[in-house]
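J.: For the protein sequence lines, the chains are Z and X, in the order given. Residues in the first sequence are numbered consecutively from 1, following UniProt numbering. Residues in the second sequence are numbered consecutively from 1, following UniProt numbering.
Some clues are possibly wrong.
Think about it this way: if two alpha-carbon atoms lie no more than 20 Å apart in a straight line, the pair counts; the simulated EDC-like pairs of lysine to aspartate or glutamate are [said to hold, decoys possible]:
#1 K350/Z with E329/Z
#2 K128/Z with E64/X
#3 K122/X with E117/Z
#4 K34/X with D451/Z
#5 K160/Z with D268/Z
#6 K350/Z with D79/X
Take a look, some chain X residues computed to stay more than 12 Å from chain Z by CB distance [unchecked claim]:
#7 H60
#8 R169
#9 E274
#10 K279
#11 E394
#12 G401
#13 N471
#14 E480
I should point out that these hints are in silico values taken from the structure, not numbers from a laboratory. Each residue gets a CB set at the ideal place from its N, CA and C atoms; glycine is no exception.
There are 2 protein chains.
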Amino acid sequence: MSKSPAAAKRGIPSKENFKEWYPFIVETAELVDKRYPIKGMDVWRPYGWKTMRLIDNLTHEEMERTNHEEVNFPLLIPDDLLDKENKLVSLLKKAREAGVDPSELRLEDEAEGFAKEVYWIKHAGETKLDKPMFLRPTSETAMYTMFPLWIRSHADLPLKTYQIVNTFRYETKQTRSFIRVREIHFFEAHTAHIDEQDATRQINEDLEIVKNLMNDLNFPVLVTKRPVWDTFPGAWYTIAIDVIMPDGRTLQVASVHHYRDQWAKAFDIKYESESGGQKYVHQTTYGMSERLLGATVATHGDDKGLIMPPSIAPIQVVVIPILSKEGSEEIVSAAEEIVKTLKSERIRVKLDNRDIRPGQKYYDWEIKGVPLRIELGPRDLKSNSYMCARRTGEKCSYSLGDLVNSVKKELDSVNEHMKEAANTHFNKHIKQMPSIEIVGSNISIETNLEDGFVYEMPFEGNDAQAELIENETGFSFLGESTTPYSKERKCLVTGKYTINRIFLAKTY
Amino acid sequence: MSKSPAAAKRGIPSKENFKEWYPFIVETAELVDKRYPIKGMDVWRPYGWKTMRLIDNLTHEEMERTNHEEVNFPLLIPDDLLDKENKLVSLLKKAREAGVDPSELRLEDEAEGFAKEVYWIKHAGETKLDKPMFLRPTSETAMYTMFPLWIRSHADLPLKTYQIVNTFRYETKQTRSFIRVREIHFFEAHTAHIDEQDATRQINEDLEIVKNLMNDLNFPVLVTKRPVWDTFPGAWYTIAIDVIMPDGRTLQVASVHHYRDQWAKAFDIKYESESGGQKYVHQTTYGMSERLLGATVATHGDDKGLIMPPSIAPIQVVVIPILSKEGSEEIVSAAEEIVKTLKSERIRVKLDNRDIRPGQKYYDWEIKGVPLRIELGPRDLKSNSYMCARRTGEKCSYSLGDLVNSVKKELDSVNEHMKEAANTHFNKHIKQMPSIEIVGSNISIETNLEDGFVYEMPFEGNDAQAELIENETGFSFLGESTTPYSKERKCLVTGKYTINRIFLAKTY
């Protein structure tokens, strides 16, 4: 993709130079302002916030469709609630001593690591608090303190709650708008079920919701069951959703966790079963964040700026009157008529009647990624038509008599083009893993892996072999795809036949 | 109002005992759960949060209508940004030395008081921060740090921004759900204008928005210009909106502030005027909070529970099939048809098909204040009709053929009845101030003021006289009504004729 002269004039870095392009574009398109005096805490500008709220609306709709109820928990969590989480740790310790899943060993480190990642409140006013509190990094502790008060019997289950809130993480790594920030715009669903099976059903529902949302956002994702060493603490398993970014590194944009009854035991979340006895609930969580916007920007943008998926574009159509010396009034009033008609169809439309050259307007809306641009000049009006330019390329003339249908059709085309381009990028960035030979703890790989790509392979080896591969390649196991091979293939390490499809990547 | 036997059975305190009724009802109607282990930080339950979000939606609509743009600022504010606020303090100090408005004297105390009311973050992870930060109590400091970066010329003005966010206040007084809490669901609009006049226009627009919202919520308010000693720090003047609560005390639910260019001078917010010179902007703010919900609960509720204004009722209509031994299927499917029809008209409707007695269902939805209840039994169905019970009283039968119209009409009736009742309460709780005699610093008042009432009087006396009245009565000056007397009346203190209408009240 070569840079357009106009783009160059405006100083947009080429997207090939993603590291420069991304921070430039999020500010130039006025999604956020990074000049707020705390690193990793951006100010959401109106255009960015509107986009995020439209993403949230898609989420709200999915939550409503699936009978989740929205709650809102306090931001602050008293330090002593962590005791229960520590109880979980010690429960898992015992499990380990009884010889259980190695994933659970890591929980202790996590619990220690946790204290390193939160903002602490130890003072209020001029008082030193008896009980320190911290800003939620996520809400398990807060919510599971209340769940026992809300769940009494099987009739209270499933309990399906969610919230969209600000969460906090004291990031020490380099921050990046939407991708790695210290105040996170966060979605979290927390559910409780009568048994493991019903919780598994919830996981499947979550994955269906993910699919719908990713379809709305026009990008393909990798869905993998994370390896045990990358499973969320206290989870039985974690399924994560990753986007392949322009530089070939993957970005986790969502994750779902099946907790079984591990947290329930720590927080004493029980119910009276139909047969009368007390049972622990089985729980799941599902998290997403503003990274969805980061992935949208990264996936779809080009050298001219953003390209917004119509589903979340704050402005889906911009109408630009091309004024001539005569008949300007008619053009403006025809443009206003177009806006009125599209608005009545709930299309998000804006009239740009600023007193600047049309070319300048085109550039401005291109940077902001408005999917469709309607141009209306004297010749168009004479022929009762309008010109429709897609942000994904190409212009068409349509009859004004067919305005609504043609605009809807064009928005569909933008969706198609976006999906096509994103899928092409996606497929181009997945390579087959070269041959691997492991003898004891010696490993040799046929060719070096290339940065900028995700690798896939049939694999049914053990964790030790996986670790060898990670160390040798510098790539991480994303995990086992939820879409296995349709036919068995030879495991690159053991030679046994398997349908397990493993993805490896460098990650954000 | 005598307590219904059903209500008594459920243990609802009489509303006459407002102190017990209010906390009982907010929990029993499942608006919030107060059992979260931090005082003054409730958990919003689904029903309460949905109501709050519907109130927010009304606000969003008004903001959109008036071309405000939504932003979202970081929660954390670095301590050193306060330096600029201190600059404001010292500017005002100088003004005072030059002999200016006494309101400004109080700013120093405020600046000191401020540190007493915020939550401090001095630690993150295991690090003691070089730069302490605090949780926003409100966002002037954060926003006005960014405004100079956004405002360059007159073309950038007016800048009209708002956000709906969580804010924090370390309350040491007794907390009360929605009314006095430590994490506040807060709306704040911040605008910048070319001059004082344009800022004044904004204040008028804000008051129009207040009027629309209060109309949606069905309650009357007192709108007064606060006395100078109760003006927001740094404001030229403050107009506050108060509700008269059931106990006759007033609750401030909104306030608007005209800042002139005082903050702009402290934060150096300038623009290039059309004539070329640099000028300071004039600013306004407009704040509201979850108190709107608190006032809604308090104003409209009765001994049976909440009464929700249709505009913000999460469920506007509940449909209850009255099953008989025969024909239950037909009734259920007719009830489902009603739900479908009303939904298609964007009416928020719920079918209650739980397997419990209808009477039990009535009580449940009465407590939650659902405006309309549709009952559908075999006899109704036979006559192609349904029974509609208003939460404000009375039942009517309507033809199912006229479902949508009759439901809309009934919702209007509920609005009317709610307004009528609220206005009656309001008017009944405003009394005329008895005669006052002030000689020097001696004051005598004809009769003692009664708790449980707001007092009004014509007044054009001075601040010292006002203070005497406050001290003698224990009532506070709310301020001067924005609706003055239509004819001049004699000031109770000076005897001079004036149209100034002053309200005094005991306040929350």
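J.: Are there hints from earlier that the structure breaks, and if so, what are their numbers?
T.: Per hint list: 2, 4, 6, 7, 8 violated.
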